[in-house]
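Trainee: The residues making up each chain are set out below.
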Amino acid sequence: MNTASGLKSCYRLELRAGSWEWEMQTRTTTQLIEGLRDPANNEAWAGFEARYRAVLIGFARRLDFSADDAEELAQHALAEFAISYRNGRYERGRGRLSSWLIGIARNLASDIRRRRRGEHRAGGESLIAELPAGDAEDEHLSRVWAKERDAAILAEAMGRLRQSARMEEHTMRAFELFVVRGMPAPAVAAECGIDVDSVYVIKNRLIKRLREIVRELTSAYDEGE
Amino acid sequence: MYAVAGGAYPAIAAHVEMCAGCRAAAEEIRENHQFLGSAGRALATAFDARLDWSTVGGSHPLPADGTVPGYKLVGEIGRGGQGVVYKAFQSDTNRPAAVKMLLAGAFASGRQRRRFKREIEIAAGFRHPAIVTVFDAGATTDGRRFVAMEYVSGVPLDRFVRQRWPLEGTAPRERTRRILMLIHEIADAVGYAHASGVLHRDLKPSNILVDADGKPRVLDFGLARSIEGVTMTNEFAGTPAFAAPEQFSEELGSIGPRTDVYALGLILYVALTQAHPYPCDGAFAEVSRQVIATEPLPPSRLVPRLPSDAETIVLKALAKDASRRYASAAAFAADIEDYLNGNPISARRDSAVYVLRRLAFKHRVPSLAMLLVALTVVSAAIGLAILARDLDHSRRDAEAALSAGNIQRARLMGAAGDVENAESILWTEAMRSGMSTGESLCFAGRFDADRSAWSLMEFYSRVPRRFRARSEAIPVVAGVDPVNANVWVFDGRGSRTTWSLDGRRLSRTPDLIASTGKSTPVVSSNGRFAAVVSSDSITVHDLDSGRVISGPAAWPKSVSINDVSPDGRFLLSTTARSDDSMVRIFDAGTLEMVAQLPGGPRSGRFQVVEDRLQLLLSGDTRSEVGVSLCEPPDWKSLSELALPTAIRPPVAYSLRSPTRSPNGHLLALAIEENLALFSDDDPRSPRVLDGRSVINRLCFDESGNLLATGLDDGTVIVRRVPGLSPVLSVPNGSSTVSLAAHSGLGVIAVADAQRITVYECADRPWLERLESLPTTNQAVACSQDGRIAWGDDLGNLHIRNGVEPQRVVAAHAGAITSVEFAPDGSEILTASHDGCIHVWLPDGVLARTVATGLPELWSARYSADRTTIAVGDRAGKVHLYARERPEQVVELLGRVPMVAFTPDGRSLVCCTTNWGGVIVLDAASGDVRHRLQGHGKTVRAAACSPDGTLIVTGGDDRRVRVWSAESGALLKTIEGLPWGVFDLKFHPSGNVLFVVGRGPEVVVVDPHAGVELAALKVHERSIFSIAISADGNRVFTSGQDHWIGIIDLDRLRSYIRGNEPFWRSQRGENSGRVPDAAGVGTNPQFR
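Going down the list, the protein sequences come from chains A and B. Going by our numbering, 158 is the number at position 158 of the first sequence; the sequence numbering is gapless. Going by our numbering, 295 is the number at position 295 of the second sequence; the sequence numbering is gapless.
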């Protein structure tokens, strides 16, 4: 009961110095989920969202949703999971997190499709393509989900790679031009002011590092998913 | 490397085989290549996505110089849910700045980046003394977003209030005043931002700094809105305690300006009381539950001497239901200003009337019993409310409120089926309002009169009564004369009164029976011949000629006459006495008995079938022979119908009203509540319908295709034959005495104990259905000269020019979303999902293509002078095509469902999906004239009044808003629509507005009074488009139903005119009795 004697401390989720233990660590899914129990753990929510938002968007895009509708579906799916989790409907023992999220996403997709089929109106709704024949067998959806998850892991790994300390500017640039954009090594060397051998060394070194990060992230995702 | 070694460099290959280190390196390279191969194009995507979810936090050193282009960071100010804030200096000007580096995970999508950019641009344009100026926004060298703003030295609002005006030690009134002045400045700033299209969404004390001079500065406009977090926890990024209920649950409403109003209310509450209105510490779920469900503790409980008006302002801003809050921060600020200036505030506490009205609306068509209970409560509440208001308002205001309440109540009653009382109340109010049934009926421009008229239009749209007339004596038989299209009634005084179908009384024959007589007149079914039997004599009359056919002659008292044959030749006498079970037939001219038919107590009637006179006799359900048929001259039984065992009830019921169809193939009869229809083809298998009330009358129409039944409860039902599907069901109010249906004239005459009523014998006869292809029709239009065109989802354009056959043109490759005739009717403009804009000639030939290859198009309009075409598309662009000018494209926030020109063509109203924004553009330059904020959800429809003074908008929030076209000010909000709005159009008079949407009705609204007037049920599903004829007499609708509806308003108005004499005569009869306070007619329950 609030009293007039002073403002009771209200619930704040401001980040404070020293609470950034989540930063730059690869949290397993289990750890993320556990972290969600603590409503003060904004980082956990941020991590959860960052981990699965892109997967859900990609998942929806593969089901032929438009970009906007895919984002909307992702938004709703994560929000719905949040509600389910807070209400205790999701329990780790009941099934994999990925299955849960796929189920939510699939239901949302069906709802959107059904609603827009019935009220197809030029007011903001786009045509939603039918789900695959047989209405998305679990295996198909799981494959789609896995692909998107892999893509998200790769993206996250790439981000970490870029964040790696002590990486010189030209290193990432060379990697981008040679590996990502496919420029010839001599051209890359000239562009970055390094010799050609260094281009190859950079390539192999960063890909190796990238593989390690991907392995680490995959393990973290897998654990508890 | 293996490939190189294995192929062209055998020495290297051999070395690799032998050298473990090189072998390992080669293996690593191979794995790298495998990895690259499997990653494929995903690598480039991953590189560009930059999904970095944790780059903020911990003890970061200051970012290196040059990280934020144009700014030198000098120190960290603080950290929040969005990122880190640094103090900085602008490199060029050396002025201090605050730079907020945002979370790197934000703006993962192009859409978020574009939205952020646009909203920051808008926020950067803010020039308000209470808004922190945004200098710049962009990307750091390592790819994070930043916002640079003016540096403000101040303390958060809550700390300022606590220190400057502590609860103890400051006089409550003065303290309240100071705090409200501060909040007023903040609300003014928020309102300014709203007017520019930017929400804050994260207003809280820590986002408001107050400088040493006591000036507040609001931070972070455009940021919370732009940073689209995923979960609801992310949405308020750290302070769910200041979040509005709708931020926790979309079911509670959408986020919009009222969300910021809630936060302002909370900030004010905390400032006034130094406490939170409900517990806000604890788990997130608990906090959200408190916000959603717990009513705030009234601040006066914490600060006892808090002025009540201040408390009222706070509580209104904190209403859980967003629609109950101030509509905008500007309105909130205005009420604070009124308080500070000593003026009455607009906020009112929630009243019992409001609560009950909301309950009544929720249960709009309950069962009659429930309705009466609810209405009693509503009536009491209205009565109480009115009583209370009488203390404050003039008598005129009270009467107006009373009238409004009566009409609303009557509309509910009519919808629930209590039509008699509903009609009585509506007519009482109509006469009280001075409604005239002349040419301007419904469009008089006088609110009271038009409201009454439309309530009657709504009533008669359900109950198509052409007219009603009081009978001077109790009706005995009613009929419809097909020759002269008149309705007649033969009454108990032996007089036949005739009316035209529009309700004019034409004639009345002299009474055959003196008023003091105890005679009983019997008339033939066609109303031409009557027999009057007194205590001891009989006279037979020809009513057409006035001639006496026979009598007066002596007649035995014991012999009653039950029917006269339609040709006037015979009289029928039946009896139910146990000692006399004969049926007797007499010659009407000689009065001699010509036949005596044994067979037990029966009833009978003469009928003409295929020009042959027949007599139908029926017994009861115990009889072996249910119905028998005989003909002159010998009156022997021609056929007999035995009631099949399967439908024979266990008790004895009379078989009532045996009636044959005019062609003789069908026989209908009533067995209590059940209707049995026998066919000559299979008389042993009748079609039986179970009813809910005893059937006392049956009749076929003249074609034999319709069968009308009158029930004891007053309901009259007309059914198609032989399937018996209902065509019309009307509550007539009193038990039917006689029925006559004539489908050729389209009427059914119903006589009950008091009056004759004539109904249109069709379902919604005021509605014509134009059948279209079996697909949705999204747009309909009509020209000045009455031609109609509509577009369907298959891309077909349908054109109907008068009575010519309908043309169907394959016009587009996608759904047609917009159809419009040019103002002079010379061409038709269409726009479609296929991204094309075409112009067609009225005969369906393509005149020209305006554009192709655009995004999905939703709305295309001509300006009044036809010089400009405006089109809105799905990508948020408005395209303006004008003669002798290149195409102009205006980009708006959100998609553009509809555009509408003002009548002078100078402005273009554009609806958007950007939380309910409506943008008014200068049609020539594309500059923004007004931003109309208030809907909160997608706005799908806009229209301008014919005089150009009003703009009306409607959308998903189920509201219609009326704005001043000149100033953009919100004038009225019409709430309570049952569905989201898709389209709206003004009547040419400008006095009423027709609204359609996700429901089957057309809702009629008075935009000046801001009141709903009527709802006409037209379709069965959503209506997408509406058009009005130039003369305002016809309304066209299109939607999901695969047909175009054409409402004949004149027809509906004719019902009002036809029934007016009856109701005026009612009033005249009751002139000695002043209507009671509730204005109710006859129902004693409401006395």
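Hint data in this document are derived by calculation from the structure and do not stem from the laboratory. Some clues are possibly wrong.
Label pairs and their calculated CB-CB ranges [said to hold, decoys possible]:
hint: 1; chain 1: A; residue 1: S110; chain 2: B; residue 2: V845; range: 42 to 50 Å
hint: 2; chain 1: A; residue 1: D197; chain 2: B; residue 2: F89; range: 41 to 49 Å
hint: 3; chain 1: A; residue 1: E139; chain 2: B; residue 2: R848; range: 47 to 55 Å
hint: 4; chain 1: A; residue 1: S110; chain 2: B; residue 2: P482; range: 42 to 50 Å
hint: 5; chain 1: B; residue 1: E28; chain 2: A; residue 2: E139; range: 42 to 50 Å
hint: 6; chain 1: B; residue 1: A64; chain 2: A; residue 2: D195; range: 56 to 64 Å
hint: 7; chain 1: A; residue 1: G182; chain 2: B; residue 2: L846; range: 43 to 51 Å
hint: 8; chain 1: A; residue 1: S110; chain 2: B; residue 2: R848; range: 39 to 47 Å
hint: 9; chain 1: A; residue 1: D197; chain 2: B; residue 2: G75; range: 42 to 50 Å
hint: 10; chain 1: A; residue 1: E139; chain 2: B; residue 2: I12; range: 42 to 50 Å
hint: 11; chain 1: B; residue 1: T973; chain 2: A; residue 2: N107; range: 55 to 63 Å
As the structure is a computational prediction, the values presented were derived from the model and not from experiment. Even for Gly, the Cβ is constructed at its ideal location relative to N, Cα and C.
Trainee: None of the hints should be skipped; say for each whether it holds.
Mentor: Evaluated hints:
1. S110/A to V845/B: 42 to 50 Å: holds, 43 Å
2. D197/A to F89/B: 41 to 49 Å: holds, 44 Å
3. E139/A to R848/B: 47 to 55 Å: For E139/A and R848/B the Cβ distance comes to about 53 Å; the hint holds.
4. S110/A to P482/B: 42 to 50 Å: violated, 57 Å
5. E28/B to E139/A: 42 to 50 Å: Because 35 Å falls outside the window, the suggested range is violated.
6. A64/B to D195/A: 56 to 64 Å: violated, 27 Å
7. G182/A to L846/B: 43 to 51 Å: Holds - the Cβ-Cβ distance for G182/A and L846/B, about 48 Å, lies within 43 to 51 Å.
8. S110/A to R848/B: 39 to 47 Å: Given range 39 to 47 Å: holds, Cβ gap about 43 Å.
9. D197/A to G75/B: 42 to 50 Å: holds, 43 Å
10. E139/A to I12/B: 42 to 50 Å: Holds, since E139/A and I12/B (Cβ atoms, about 46 Å apart) stay within the stated range.
11. T973/B to N107/A: 55 to 63 Å: violated, 36 Å
When held up to the earlier numbered hints, the structure conflicts with 4, 5, 6, 11 and fits the remainder.
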